[in-house]
Each structure stands twice: as C-alpha cells, then as structure tokens.
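Residue numbers (my numbering), protein chains in the order written: chain R, 1 to 282; chain U, 1001 to 1591; chain L, 2001 to 2315; chain A, 3001 to 3518.
Wrong hints could be hidden among the right ones.
[To be verified] Straight-line distance between alpha carbons at most 20 Å, and here's what the computed EDC-like set of lysine to aspartate or glutamate pairs gives:
| # | chain 1 | residue 1 | chain 2 | residue 2 |
| --- | --- | --- | --- | --- |
| 1 | R | Lys234 | A | Glu3320 |
| 2 | A | Lys3442 | L | Glu2050 |
| 3 | R | Lys40 | A | Asp3390 |
| 4 | U | Lys1312 | U | Asp1559 |
| 5 | A | Lys3324 | R | Asp106 |
Bear in mind the hints are in silico, worked out from the structure with no lab data behind them.
Chain residues, written in single-letter form:
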Amino acid sequence: MTFFARLLSKANGLIGALMLAIVLFTACLGAVWTPYDPLKSDLLNRFAEPSMAHLFGTDMFGRDVLSRLMRGAWVSVSIGLSTLVLPVALGTLFGAAAGYFRGWFDRLLIMVLDALMAFPGLLIALGLMAVMGANRYGVIIALSVAYLPAVTRVVRGSVLSISQNEFVEASAVMGNSRLYTLVVHILPNCLAPLIVLTTMMFGWILLAESALSFLGLGVPPPEPSWGNILSEAKAHLIRYPLLGLLPGICISLALLGVNLLGDALRDELDPKSGVAPSKETI
Amino acid sequence: MSELETGSATDLLAIENLEISFGPLAVVKGVNLTVKPGEVLAIVGESGSGKSMIGRSILGLLPAPGRVTAGRIGFGEHEITAPSSPDELRLLRGRSIGLIFQEPLSSLNPTMRIGEQMFEAMRLHTDLSEAQIRERAIDMLRQVRLDRPEALLNRYPHEFSGGMRQRIMIASVMMLQPKLLIADEPTTALDAVVQREVLDIMQDVARANETAVILISHDLAVVARYADRIAVMEQGVLVESGPTRGVLSQPQHAYTRKLLSAAQLGAPSPIEGSSGKPLLQVENLSVDFSEKTMFGLFGRKVHHAVRDVSLKIAPGEFVGLVGESGSGKSTIGRAICDLAPMVSGRVIFDGQELDRLSRSEEQTQRRRIRVVFQDPFSSLNPRMRIGRIIREGLRHDRSATRSERQRAVEEMLEAVGLTAEMADRFPHALSGGQRQRVAIARALIAKPDLIIADEPVSALDVTVQAQILALFKRLQADYGFACLFISHDLHIVEQLCARLYVLHKGRLMEEAPTPVLFAEPRHPYTRRLLSASPRLEQGKDGLQLAETELADNEGDTVDYFDALRADEPYRLVETDAGHRVAVRGYAEIAP
Amino acid sequence: MYLFVVRRLLMSIPTLIIVAVMIFCLVRALPGDAAIMMLGGNIDDEATLEMMRQQLGLDQPLPVQFVAWLRELFSGNLGISVLTGQPVGALLLDRFSVTATVVLLAMASALIVSVPLGLLAAHRHNSRTDYAIVVLTILKLSMPSFWVGLMLLVLFGAILGWLPTVGFVSLSQDFGLGVTYLILPVTSLALSEIAVMTRMMRAGSLEVMNRDYITHARAKGLPERQVLWRHVFPNAFAPTLTMVGIAMAGLLAGAAVTETVFTLPGLGKLLVDSIYGRDYPVLQGALLFIALIYVVTNLLIDIAYTFFDPKVRLT
Amino acid sequence: MKKNTRIFATLFAATVIGCAPAGAVMAQSVVHMALNADIRGTNPGVTRDGNTDIIHAQFVEGLVTYGKNFEVIPMLADSYDVSEDGLTYTFKLRHGVKFHNGEEMTAKEVEWSWNRLAGEASESHCKNYFNGENGLKVVSAKAIDDYTFEIKLDRPYAVFLATIARFDCGSMGVLHPDSVNADGSWNAPIGTGPYVMGEHLPGRYVELNRFADYVSRDEPMNGLGGGKHAEVDTLHFDIVSEGAVAKTALMAGDLDLVALDAMAASELKDQPGFKVDITQSAVWDTYLLNPNDPVLADVRIRQAMAHAIDPNQIMAAITEGFGKASPSPVPPMSKNFTEVEAEYPAYDVELAKTLMKEAGYNGEEIKILATRRNGAYYERALMAQAMLMDAGFNATLEVVEWGTQLEAYRTGEGYTMQSFSFSPRLHAGLSFEMFTGDDVRKAWQDPEAIALVQESLTTRDPERLQAIIDELSRRFNEQVPAIGLGHRMLFTGMSDRIEGFEDWGAGVLRGWMLRTSN
C-alpha cells in the first residue's frame, strides 16, 4: 500500500503509471470497440485526410487508422503480456534451481543459455513462425525463447546473492529442507529484481515485436499490430508521413510509460540491479 | 614550519557552536571543540552520534545533503565554514588536514596503483620532482613499517591485507605532513593485534611530524590509550570533554558513565557446565575450502580452514572459541551444525556420532543445536514478520498446536526483553540490538541443548553488547543450554565462558579454563592477543586503562608451534589439568 | 594470458556445437528449400526441381547433410552460396566488414559522447543538467531505432536530399564517399547506444561517488576534474564496459533492422536474405559466425576488463 | 574517372537544399538503376532467376528471340526454316557477329553453347525442355558448316522456337567456349550482346559496360531483338531490396531509373524532373483455387467466388487506376487474344449469393494464402477477402513468407485460394499450360482441358490454335480453376535526363535503348 504511495509520489513513477494506464485502457477498449472495423477496407476512400469521420484518416486500403491503432494497441499489448508468462515462469524455475542446487545442472543451464544468447532472436522467430504457422503464437513463443535467458540469469543471480544471507543458513540449521528454504526464504526475496525486470521486459518485447513485424516476421497482417502498421506505412512515408508517424509515436509512448515506471520501480525495489530500460534485441 | 609556530600560539582548530543538518533534522547540535597543535583528541560516541560528521565538516566534505547550518570552524587563519575562495578549502585538504577512514577496504581506489595514489597528492601540493616524491613515499612506507616499499608502489590495493592497507593510508596521508589528522574509526575493522600495531604506528608518525590528531571511535578502551583529551558525543550533542584521565576517573555526564561501564563489562562470571559426559565432542575436525580458480572447471586451490581441531562442551557449559578473523573459528561452528563440509573428524552429540545416525535421527538430534549469527541484519528474513520468524523455530515440533506455538512465541519475545506486539513488525523496523534478541528468541524457542553463538555481539554498539551478554547470562539460567561462544574479543568471552579455546590459522594454539588463560597464558600467540586488547579497570582512583602487562617469560624456552609455519609437526601437550598448548614436533613442556 | 584465451575458446566449443545443431535443425525446419526458391513461380516440372536439389545436395537425408556440413566445417570450408555461388567464408567476411565499420563507428562515437555525459550527470546529480540528460535518454530509449532511422532517411535523404539514401561504399574504397553513406546509419545506431550508455555511466558514477576512496581523493585536495577522471571514471566504467560488450556482440551479429532500413550489405541483411532465399550454406555459416562473434567479443571484453579492474585475473 | 564524377555528384547532391534534381549533372554515360536482389550468377540459363535473367539479357543473345508481340524473330540467326514434317530446324547464322573477346561467332560456338545448356552434362534446367523429360526430345543439334546450325526433333513441336527463345535459358544463349575454364567450370560470360559483364560487388552493385564492337542488325528494335545501338557507357545496378528505399534514392538523385509500385508511380508522375513509364506486361496476376479442396468441389462455389470478386476494382486499386482487368490467362498483347478471351464472369454479388445457396454453402472456411512481396500478392488477397466476405463467404487471410507459400503451391496443400502470379508465357498454349496438368500444383486438372493444351502445343495450324485457345478460354470461365485478375502493370520511374526508355510486355529491361540527355 504505502509502497504504491511512495511509487506514485515520484514524478517518473506517476507519469509512467499514467501513460501505461492510458495505453492499457486503449488496448482493452480496442479489443472490444473501435470506431470502425479495423480490417474493413474501403477502396474508394484510400488515404483520406484526417477528418471528423476518420480522426487520423485512412490508410492505403481505406481502413480507419485510429481503429487500427486501437486494435493494434490490443494486439501488441496482449502479445507483450502473454510473452511475459513463459519466460518469467520457466526463467524463475530454472534460475532458482540453478542458483540453489548449483553443480552440473547449473553449468549445463549456463551453457544452454549462452547458446541461446548467441542465437539471433530473428531466426528463432522465423523458424518458429514457420513451424507454428504464421500467427501471433509464433511471435509469442519466439520472443519467449529469446527472453528466457535474461530472466533465468537475473533470478539465478539474486538466488545466489540471497543464499549468502545468514537467514538462509539459519533455516538450514532449523532442519528445514532445501526446497522449503528455497521457496519460503529465498524466492520471496528475489521478487524485487524480478518485478523490475518483468516491467522492463514488457518494454523490450513491445520493441522486439514491432521490429520483427517491421521485418515482416511479426504478427501477420491484416491483423494490425503497431509494428506491422508501421511496416505497411513504410512505402508511403514520403507522401503520407502521418501513417508512419502515428504508430511510431504509439510505440514510443507505451515504451516511455514502461521505462519511467520501470525506473521508479527499480529505485524503489532494488536500486543496485543495473536492469537497463528497453532496447532492441533484434 | 614557520606557520606552525604562529599556529602553536593559539588553537590549531576551533569549532564553535557547530550545527550540522541533513535536511530538517540536525545530526550535530551546538558543538564546541578545540585542538591544539600536536595533541590527540578522541571523539567517542556510538553509531549515529554524529561524531563522523564533525570530522567530515572540518574538511568541508559533508555527504549530500548534509550542511553546516550554524556555528563556525576555524583552522589556523582559515575559516572553513566561510572560505574566501573555493580553492582555499581544497588547498587545505591533504596539505594541512589529512583524513583516514574506517574501512581500509574501500578507502583506497581499487583501480589505481598504490604509488600513484600516494604521488598525486604530492604533485598537487608540493613542487618536488618525481624522484623526490618517490623517495618520500618510500621513506613514508618505511615509517609505517612496511618492508620492501619500492615493490609496494606498483601493487594494487586488493593485494594487501586490511592492516597493511590502513598503514598505506596513514603513509599516504602523513606524507604531506598535515598539521591535523582526522582518523575516523581507523581500526574498527581490524583484529585486535593489528589494531594495536596500526594505532601505535599512527601515533608515532603523528608525533614525528608534530601532527595533531582527531581520533574518532566508538571504543573508549582503545582510544583511552592514545588520547590526550576525550570528547564524548551522544546523539549529536557533545555531552562531556576533558583530559583522558579526568574523563575516565571522574565522568561527569550520565551517558559517559554508561559508556564506561559498558566498556569495562563488569566482573567476569563464567558459566560452568555440569560435569559428567560431555554434551558435544568434536574430534580431529578438519575443513578445507577448495576455491575454484576463475571460470571454474579448471584446477582449484585448496585452503585448510580448520586443521585437526578437537573440543568438548559439557551440558550447560559456556565455552569460548577465540581467534582473529580467518582463524577458522566460525568455520568450526558451521561445521558442527553441518553448514560447512568436514573432510575428516567426528562430531559426537549427546553420545551419538551424528554422521553415523539415520537421516531422521540425525535431523532430530541436530534440531537440538541452534545458531545465533553475527550479523543481525542478514540473519533475519526481511520479508517475514518477527512472529513468524520466531515461530519457524518450532516448525519441526509436531506436538505443539497452533495456539501453543503462538503462546510460545509471545513468551519468547518477553523472555528476550521484547514486547509481544513486535511479533507483527518486519525486521527493518527493529534496531540492531532488538534484531539480535529476535535471533536469540528464534534459536531458543525450540529449547535446544546447545547454542552456537557466532560473534553474536561484535556488530553491536558497546552499550548494547553489554545488554545482550547479560541477556545470554539470564536466559542460560532459565533454559540451561550449553553454548559455544565464538568471538574475536577476549574480554567478551571472558564474561561468560568457563573455558577458552584459542585458535590461529585453523589450529588450536591453547586451551584452558578462562581464569588460567588470563592469568598464565603460555602460547606466544595467546599472549599477543591478550596484550593487544586493552580494557578499562576499576583502579584505586576511579576507572583507568589496564595494560595487561604480562610477566615476561624469558624463562619459557619451549618450542611452541607457530601457525605461520603451518606444515611443521603439530602437537597439543597438556601442561596441567585442562590446560593444553600447541608445541612443535615432540617438544616437551614442564608443567 | 594466452593460456586464458585458449582456455576460454576451448570452453566455448560446447556452446558452439549446441548452436550448430540448433541452427541446422531450425534452418531445415523452414518450409520450402533453395531449389524451389530459385525456380519461384516457374516450377515447370519436378525433373528440374529434382535436378537442382541434386546440385544443391538437398536430396540427401538430413543427418547425412549435417555430417557433410560438419566435415566441411572442420576442414575450414563453409561451402558455396546457393544464390550467388560465392564461397561463404569470403561472403561472410565481406559483409561483416560492412557491419563492423558501421557498428564500431557507432559504438566509438557513442562512447565518446556518453562517458562524459554520464559523468557530468552524476557530478551534477539532481541538477537541471542531470534531469535533462535523464529525460532525453529515456525519451530516446522509448523510440524504436528503426523508426528513428526511417525518419532520418525521409528527412535527410528525401526531403532535404543532403545525404545518399541507398547502398554503401567501403571507406577503403573511397573515403570521402564512404563517409557520406555512413552518416545516417551510424547516427541512428549511435543514438540508441548513447542513451543506454549514458544511463549506465551515470548510474555507475553515482554509485562510485559515495565510496570512501572518492571522499579520500577529495580529502587529498584533488581538483574535482581530476577526481572525476582519475578516480570515478575508471571505477564506474567497468559495468558500462560489460554492457557495451553485450550490445556490441548483438550489433556485430547483424543490426538486421538498421541494415534493412538503410540497405547496408551487412551481416544482418545477409542473414535475413539467406533466410528468405533458403540459402542454407550462407545461413548456417552466418549463424555460426555470429555465435563466434559473441564468444570472441565477450573474450575481448573480459580482457579489456582487466585494465579497469585489477582484481580480475585472467587465469 | 567514373568514381570522381560520382563524388562530385554526391557532394553536389549534398549541398543542394531540397530534392532538386541533383541527378541532372550526373556522369554523362552512367545510368544508375536498382536490382531488388543480387544476381545469382553470370552463367545464363544456369545460375539464374527472373531478376538475374535481366542482367544476362544485356550480354548474351540466342539464335532467335521474342519480338514485342511475342512473335519469335531471328536474333543471331539471319534466318531459319522448318522442314515439312516439322522435325528439322535449320538456322542460317549472321556473318561478322563478334564475341566480347573479339572473335567472330561461327556455328562451332553455337553448337558448343547448345550442348552447354541442353547436353547431358548440362547443369541447366533448360535441358529438361529438350531431353524428353517433358515430351519433346532433341535428336541432334550440330553445326553443318561455319554458318549453318541444324536441330532435329523426335516429334513436331509447335512451340519449339518459342521454347528456345525462353528468357530463363538466355534464349539458349550463344557464348564463346572460353567462358568456361579448362576444367569446364564457369569462368565469365563471353557473349555477343551489346553490353559486357563488368564489375560485380556482391550484395552492392552490378555493372555492365558497353561493347564497342557490337554489330547490330539493321531492323528497328523489336522486343528483345532487332537493332541494338547502345549509347550509355555503363549500366550500374545498385542492389536495393526495399522498394521504398529505391524510390527515395531516385528522388534523391542516387538512382536514375527504378521499378516502382503503383503508389510510388502516381506520386512521382507529377513531380518535376521525373518521368514515369507505365506498361502492361504479360505477367498474369491471379487467384489459384485449390482443385483438391472439398469446399471447392462444387463448381458453383467456384463460380460464386468468381462472381463475388470484381477484378476491375482490384486492378484499379493496386494500379492506382492505371490498369484494368484482363482476367484471361492469355495476355492482351498476344495475337491469340480475341473478344472470346476478353470475356470473364461478371461481378455480380447477388448471383454469387444464389449460387452459394444452391451449392448449400454454409460458412466453410475459405483460406486465402498470400505473402508480403513485390507484386501486391498481399494487397490482392486482402481485397479479395473483403469482397468474398461481402458476398457471405467465410474468407480468412493467412499471410506467410514466400518460401512457405511456394511450398504450399508445389504440394497443393494448406490453402483454399492463393493470390499468385505467373511470369510471361509468350505462347497462348503455354499461358494455359502453366496452370493446367495433373501435377498436384496445377489448378486445372480437367482431362479434356489437359488434352486441349497438349494439342495447342503441337498443332502448327494457326486457325486450329485459335479455336483451341478460345475453347480453353470458355471452359476456363465456366469451370473456374482460377480467378483471373489481370496482367500486371509495370511502372518505371526515371529522372527526366533518361531518354529512350520503353517497356514491353515481357518486362525485360533493354539497356541498349537508353540515352542520357545533355
């Protein structure tokens, strides 16, 4: 409670939270209602200038830009959120196991992680999209795989450092099992860095998704995502810069929100962790 | 030199009605102090008393957002609180006022060679040639009794032990022959023996350069030896100041007395155990740490932390385990409760060898052993409420019902002198002393037969230390547990322990009943430890510093085992009942 | 030192092998193959298709192909590009040189800008300057760099027409011209790096600044500038350096997006094209090469680290 | 020399504010163009693809080639004649034709070149057209004397000349034997074309230099044949995969001539300093219907779909109104294109609905496969989807990567309908053959249609051919194996200093026609 109060009392915390709230709201709204059907093309009304009818005008297929941005918000955000699930869950599992039990498991894990790291998210994406069929799940899985190492490393790291604490030994002395100690004493203390990382990761994923879509490897059209709206607009930038400007601004706003909030969170939860704000990984 | 004479006429440093504030709250209030050239002033106080802030303010280096909000600091003809030019202060620093920190580990720049760090200030403040500066540095390192100084200059800080770093600090600061040296807890982080050396060196060097010293410390006993005058601080207020003897013998202020009584710790009252078969027997315990070289997998270097140590604890007996850091004393404690791996040796608890027992039996036995750790800040899970932390001690006691446990927790809280409502707090809401009480409660709630107390008070302020020790004594009376009391401080163990084991570099040097050990220590290492740890004693005219001057034993020609030559044959010989000493090879000792 | 290098390289072998297997499986999981791609819409008869498959050795069962690939690999031969018929090794190096030029320039300029900037921000902690820097960096961090790239392209390339928008001329080939081609991509890459590094540098410096040895340095009477550069910088730079390393490895591995935006014939572009063209030899080679880049870059970083952190020993 | 002028150009471009036609002062005799991908090699008919063929066509020539109406005309052959039984083709070669290495071309090199592509050892897919794989077998192909070359077939084959003129075989291009190394491996092309292969920096650019000693035919230029009088010294092709970037580059003056999409064309059309060429090609844009998909088993469903889709609107949209529908597989410029071929199922949503009802359609999924790739595959699919949904079809759009779609096309699985395009087939019979047959990938598997197609390829009687083509067109419209859209419009943007450019149905660039003003 007081924690959130503290968080929101900070400028960046407050602004970030607000912006993120707006984005999330738009996303949810876009899921259920948009001014027009974002997929409905109207060939007689292409590249319409912004007007009362079409607040942001229409695109190369006469689709309402605002509607597409709203639906796009939903698609991008939902992908971002659902992509968080897998890495956080598995990453915590692996990281905790590796950090606490050490030994061969740890070494093996690190090795695989290195391999994953040395492996362009781009190709993972394409490969999985090809295998899974071109749909948002391909993107989600691909990005999940791409971000698994990050989480695992962070969790492993903080498990290692927490294990140094005497209360962990105290628990052992009381005759508690390793598992109990891990779950009751260590993991709760890893929460802070994990929360921060998760927040930041949401930003990374938004970026990665748009980058993938930009390369034509992301969410397949016609379903709009901020990324593929941008890449569709690419060809018309010079004549209709607005088409390219708007999605870019949407992405930037969302990210700004995430980054500000993430910074505030980090300062609150664990100042030492150097988790940096979003950055393309592709 | 000429300045110095003019300065010597008046006070070198004059602090008048100084007030230092962090934002709204004042941490130093209306302090008046003066320092004469060449004299040693000790500022004593517990953590948070603002003593360090005074030191910083003299250099004009208060950590943000701290500011001097009132009063003045005059140094010679300079107004530190109102410098005429920004550079005026800067030029004073180092050249006229030197500063030494508590943490030798963090006060030298880890990425810069020792030489560089010594030179740069010289380059700045003097116009000596590189060669001269180098000469000077080497000479200085000699003064602080470091050998082969030429070589040292090209090494990095992390290559030195704490004590050596602190000497290097002293050298690099004193090199500029400042008129005033501010030493902020210069030896708190060091072992008694080293502490003594470093302080002696500092004193000598200061004398040699006619430098006045402000010695900031929490430990009265330590400073008493060196200080001409003592100033006592409590929560930002200067409660008493005067010549050392005076303050020691006729303390005016109540707080001063409190400090003094805490420092002298009252008369020892060892807790004897019941005779008969020992509760715990450790036989020929050895522990190795094989530290992997960077990027593991390849080669490892083995370090013998504990070698072939045997000890006994009778039921209800308090036994002390003493040694400087790195002597392996904590490791023994950890090995006993299975936190460190033994390479050899047996731990026999209540007549049963633990490793021979079945898993479950071993568990039940082990639950009769509990630990109280050194650092109350890391020994309590920050995300658990106090109540739960203590209750967890009962986790494996299937018999107790929920309500019983609840009651037990409350009783325990009372027992350790905390209130029942603290059960709902989180650790961060408690003071260090309170946390340690919680840790003790957690250990005791399961009514263990043995408690391993690993430096339980060394992280606490002196006054608190006394309380915790008292608490131990009382609880023992109530619960009758035995205790292996691990500490680096002879006087602390002297308080409670019936017998002492002196450990050095993983080997037992001497073992004896406490009074015997203090009265007639045999092993040279023990003797060094004793003489290195000063204490205050009730003398004929009030309190005074008691130098444990040991009758020199020129007569003693025994070839004692020297832990520094680890690989030579080692043997413990019994000189008389319960008094055993480490000797080399088959050397004999006449009782 | 040499021992260390050798050891590290040895240790990276398992990683590389895992990567190799993953790569091979993934690549072959893609539907379609080079033969089909080459024929495109004109798959006039299966005979032709089969013939091309034979030529490309795609008619063999997968394990056989894999073993063949590995054997070639160990004999130092990465094969021939299906699409352009060039030796893959040469192709990779050629493309890498492009990526490297851009990335290294971007990184260098980013470092030059962000180190002083970070120090400044930390030095003026909580001042206007500090806030300005923080806000600007976070703003930049929130913009997709490829988007910024596109905007730069439209502005300077098309609307203003100041800079060339397409292609690449290597500096060795023609310096003056090469520079004009590099400006835009380097800028758009550098911008985001600057943002990240500045933040790292600032955070690092802030942490270092309340260490005793900084106070001690001040207590020696050193002027602030000297305190910052001789005492704060070396200690604050180490973490930044690691970050730089990771980022660099990532970019060297191919800034695919940037290269696509500015049509630089770089490693990333090569990767994308070879994926689309199912150019297995190139694709596999490229990926392996990338994995290698990671290993080597990290190695170099560790070595560089020792200059800033004497505690680290390369043994 | 070239380089310096280039610098000057760039520096100039860099100083001029705004996008004034900085190109105007560019090197006199260099034309900068864009290739959307790197060439696969310099070996005509072997290391090739549609993109590469364009480069090959600049430096290699064959005995015969295509005229602008896709009639076959002699190129290196002075003339040719066909025996009564249609089994023997005799080519009389032109005299004084020079290879790039200065040597004169004789039947010896022609024979060598033929065997290079069509011989047993050939690495070219072209041999499959002549070794019986697809029916026709060439019995012998040999030099009679220095200037006579003779080919014998195992059966009469009407489209034989059309086949040897194929672009993808470099018109069975004639090269000098020194083009290959002693060990037979490929070295560098020594052809007879008006341009010589120049510098190729992989992934960056390809250059072609004018062949000074080129000996031209006397006729006026005609398609890929006729007179070739090259003037531009260097044809410089930058490799630019992004259409948008290519256009930006054109406007910035870095490129002189680039292929554009319709949108870019309409943008550029009115801009001062630029010209746009708009030409209809023989590339057939269509929707292939999956013959094996149960949903489409009922012909009425397919007809309904045809009636639900309005090719005119779609063509107008994807060509910015420059193009119009021509749903027949037979390209309008073909001499076999009559009013019969001009007919197609009218756009009639009501009719579509009734047909659906009759066929008992209720919401089965119509999965439209498309890819994001030049050629508006995606855009076409998107609009078709919209129209089908208007008619009440449950049409879904799946956008996959090109390789994936090709695989689907080849195996005939994973799609109900896909937007597709066929490269120019310059014989009306081939125009149907490309999607008719019994392979899984072929959309039209009706035996009668297959038989008709086979006949169209063997008959040598023009009336009969026309009759067959008309019959096929009628059956095509009622059986709807595919829904034709139109023949792709080609847009080329260029700075106005480029003269003489003229596109044609085959869309193969002819560098020799280019001139640069001032």
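TODO: State the violated hints by number, sorted upward, taking the hints as numbered earlier in the document.
DONE: 4 and 5
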